[in-house]
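Engineer: The primary structure of each chain is shown beneath.
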Amino acid sequence: MPDSMNPSPVTRHGKPLRAILQPAIVYCLLIIGVLIVVIPLMWALAASFTPNHKVFEYAYPFSWRALLPVDFTMEAYDNLFARGFGRAISNTFFLAIATVIIGGTVNALAGFAFGRFEFRGKNLLFLLIVMLTFLVPIDLTAIPRYILVNSFGWINTWQGLLVPGLANSLVIFLFRQFFAEIPQELIDAARVDGATWLRVLGSIVLPISKPVLVAAGLLMFISQWNSFFWPLLVAPRQELRVIQVEISLAVGQYGTIWNELLAGSMIAAIVPILLVIPFQRYYVEAITGTGLE
Amino acid sequence: MFLKRLVFLALFFLLVVAPSFAQDVTTITWLTLGWPVEAIIAEFEAQNPDIKIEAEQIGFNDLFAQIQVRLGARSPLPDVIAVDVPLVSGYAFRNWLLPLDPIFTGDEVEDWLPAAVNAGSYEGTLYAAPISTSTQLLFYNKACFDRAGLMPPGADDRLTWEEIAEIAPQMTFDDDGDGTPDVWGFIWEQMVRIYQLQALPESLGGAAIGEDGLTVDSVINSPEWIEAFTYYYNMFNVWNAAPQGEEFWPADIFETGNICMFVGGPWNIPRFANNADLDIEWGVSRHPYFEDGVAATPTGSWHIGVNANSENVEAATRFVHFISTGEGAELWWREGSGDFPAQQSVLALFATEEEFDELPMSYMRTAADEATVNPRPRAVTVGFLEYEQILQNIFQDIRNGAHVEESLNLAVQRIESEMAKYRE
Amino acid sequence: MRGKQQIIPYLFLLPALILLIVFNLLPTIATAVESMFVISLRSGDRVFAGFANYNRIFNDPIFWKSLQVTVVFSLIVNPFQITLALGLAMLINQKLPGIGIFRSIYLLPVAVSLNVTAIVWRLMLDKNTGMINGILFQLGIERQPFLHSTDLALWSIIMIASWIGVPLWSLFILAGLQNIPEPVLEAAKIDGANSWQSFTRITLPLLRRVLAFVLVADTVANFLLFAPILLTTQGGPQLSTNLILYETYRRGFLYGDLGASAAMLSVMLIIVFLIVGLELYVLRGDD
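Chains as they are written, first to last, in numbering that gives the first Met the number 0: chain A, 0 to 292; chain B, 0 to 423; chain C, 0 to 286.
Please note that a few of the clues may not be correct.
Said to hold, decoys possible - Each pair of labels, with its calculated beta carbon distance range:
{"id": "1", "chain 1": "B", "residue 1": "46", "chain 2": "A", "residue 2": "276", "range": "50 to 58 Å"}
{"id": "2", "chain 1": "A", "residue 1": "279", "chain 2": "C", "residue 2": "178", "range": "37 to 45 Å"}
{"id": "3", "chain 1": "C", "residue 1": "279", "chain 2": "A", "residue 2": "206", "range": "53 to 61 Å"}
{"id": "4", "chain 1": "C", "residue 1": "28", "chain 2": "A", "residue 2": "279", "range": "33 to 41 Å"}
{"id": "5", "chain 1": "A", "residue 1": "63", "chain 2": "B", "residue 2": "176", "range": "18 to 26 Å"}
{"id": "6", "chain 1": "C", "residue 1": "58", "chain 2": "B", "residue 2": "350", "range": "53 to 61 Å"}
{"id": "7", "chain 1": "C", "residue 1": "9", "chain 2": "A", "residue 2": "194", "range": "16 to 24 Å"}
{"id": "8", "chain 1": "B", "residue 1": "269", "chain 2": "A", "residue 2": "41", "range": "31 to 39 Å"}
{"id": "9", "chain 1": "A", "residue 1": "201", "chain 2": "C", "residue 2": "28", "range": "32 to 40 Å"}
{"id": "10", "chain 1": "A", "residue 1": "206", "chain 2": "C", "residue 2": "28", "range": "36 to 44 Å"}
For the record, the hints were derived by calculation from the structure and aren't laboratory data. Where a beta carbon is used, it is the ideal one built from N, C-alpha and C, also for glycine.
So that you can see chain A by itself, here it is in the shape it has in the complex:
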């Protein structure tokens, strides 16, 4: 952009120079951005393979060695897994997948109702859902939610972890956007053949909805994967601990085991990253789909 501040039109000599310069500037800016994104992650990754007392060794004064493990060791990872991190990983996977399957069903049904039907109170209900999405910080209403879940006897249970997060207004929104754009003829044809609405949804709509299914699945998976505050409150028992809660144990009364904290964080980060990169297109569509009507 800075070069475009020049108000004079393109000159005969300027054009080839500009054609080289502009991409060069763009690449420079892009690389600066990449460094800002990658350096913290590389340092954290390197530090997770470093003995605890050497974690900060090359950070100040800074040397490139800070981005490589000093005295490479798996100690942090070994300790984590010895403490039951494997269990936390499988718990979190189970929860995230259950959320995707059950929550996906619940939210897709609701999205279908909003996207394909006209009914009384539709706009009011939709407004309500949107408001809940945007305005209410979920963690901050945790105390009344905890009291409620407690009255169900769901503390330290899978239900307590899973059920409150199943309905997700963002995902309903996403489904609605997609379903609203399916051509009416497709649905009419099936209805004429006498198919029930459930059947229409199951055998006509869903098979052509792969993009939104992947996108919604990713959104639900990642938000459940990264959840910390609610699981900590509702299910601190060892057998039910999720990754983010397990990581927080590295912060002890007598100090923090930095390399374990970072090793846990790296494991926590790698799964969403591995999911997002190959499904990048869907994921971008998902988050942008919720914003662009």
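Chain A is already provided as a structure; the job is to place chains B and C on it using the hints.
Structural biologist: Using the frame of chain A, we list chains B and C on its own:
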């Protein structure tokens, strides 16, 4: 397809809900920190086959919000709770803890250190049984004294803070010349916590809180506090002998030779003694004091209590009794907390066990004696959590260069604002 | 037929609606109701207290201070993030070789949790051992107490929030950019517009809807920010990063002062509501 999922959902609930009906032993949950709890649980369950213990271990920073939310909601779980001792008043005031007097005999109560019994009681009733206590010593690296041409103190010497102020800057070295010392002279182990820093104003005769247990104005901004925290400020900002920045754990950098002296707990003694890779020569001396003041040592640690709304009171009290007295307490000291025991019978083991005959483990005997020298518990107030956390913020500010008197006045303003809710 | 059709959408909605009402709406209403009650700390009894909790927080200088910090924070962080996000979106919208790799890399912060981000940045910003100061040292610049000085701490929080925020919002803007038809830009070029002119006259107006959404969503997200505060400065130094949501968290979750916490939360939700309404009104435009 949809039906199938519905069936799955139903099955899922059945599978998860059903097992809770199939119990013939009482299961109690114990909300605790990341201590090694396996040995104590195994021994207790072996002796009490009708009780099963589920440990809910969470990080230190998350414990207080967890207790606040769950006990505040009058939840029956967790049954047993690790209680940081200054919080006993606040929890008892809110009726969250079961009175424990009936479950202990007079002998058992007398075996505990009197300061620990007092700290676990509120208005004369015991609400939390002591499972550990603590004291503080000065740890030093001998090489630093050699390098500065100074003599290290003996294990029974007590340096004054003025002496520390003099020698700490001499033991601060910037070897690579980058403008930041690589070896620091001094630090407090819990550098921004009231637990340890309270000893500074108390050595000068200052109090921790007003008579009514709520007032802090003219207490924590009194001349004694201002003098004490000016000393603290100078250590970090004027003499530049202690590192600023994030809170960290000094033992980590003591082991690498990057800190010369720190005031810390006896839990560091076995840590250093058992570290085979440690190649520094270290020693301890008594907790420092101000030249014109008195010796005052921090004390207090973890207690254990029973949730007043627990549905398994009998089983829960049995466990609390086990871990806080007799062989259970001894087992907890040997294989559990790694902290200092609160039972005089267990403390006596320091004098008799061979393990403590030789240096450096014999420093544990120094610590056991230091625990009896003017131990000063933390402020007894129902609003301790607010008091502690706000002061923690304030100390961190002072450590990083904030004006001492202004900061303490801000602490007064903030704490008084929080205490207002207890005054009705 | 029509009658039957009337019931079907409700059936489809039912599971989600029940869940949302029970687990989201009820707790929200409970919070608003709670702000009118005082709980006796001793017995746990709740007593209706009208606006007593509001009275208490309005007379509390700490509340006003945190409101002030929140306003300053919002006024800086939102334009800052949106401007950078727009710039980033324009960069990764360039048709250059290898741009796909860059786009993937810029997605990384969006996938990493806020907890992890806050912890890593806290360590990187430390005065003595932090890498940022390590780099500054190599450049001959003095160490900076990023998270411990009243001048820098709020800016540090803004940087941490932006590490995730800028790439996230740039994704939305990128999608908007890609919706602008190529011929429109070509036509402008032929008419002699330079790139600055075509940016201000064509691109920005066509991005208005997206930018409006991003502005509203970003405003709300930043008003509701508290995890990074909890994990880095805890409101310090000297309350300079004590954002209102963190103060709400502290009162409710740590000190058990549910009435004051609920009252603060309610006040905040009303403020967010008003700001979002104002933003939407201003950005409403001509169509």
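Engineer: Please go over all the hints and tell whether each is borne out by the structure.
Structural biologist: Hints and how they fare:
no.: 1; hint: B:46 / A:276: 50 to 58 Å; in the structure: holds (54 Å)
no.: 2; hint: A:279 / C:178: 37 to 45 Å; in the structure: violated (18 Å)
no.: 3; hint: C:279 / A:206: 53 to 61 Å; in the structure: violated (38 Å)
no.: 4; hint: C:28 / A:279: 33 to 41 Å; in the structure: holds (39 Å)
no.: 5; hint: A:63 / B:176: 18 to 26 Å; in the structure: holds (20 Å)
no.: 6; hint: C:58 / B:350: 53 to 61 Å; in the structure: holds (57 Å)
no.: 7; hint: C:9 / A:194: 16 to 24 Å; in the structure: holds (20 Å)
no.: 8; hint: B:269 / A:41: 31 to 39 Å; in the structure: holds (37 Å)
no.: 9; hint: A:201 / C:28: 32 to 40 Å; in the structure: holds (35 Å)
no.: 10; hint: A:206 / C:28: 36 to 44 Å; in the structure: holds (40 Å)
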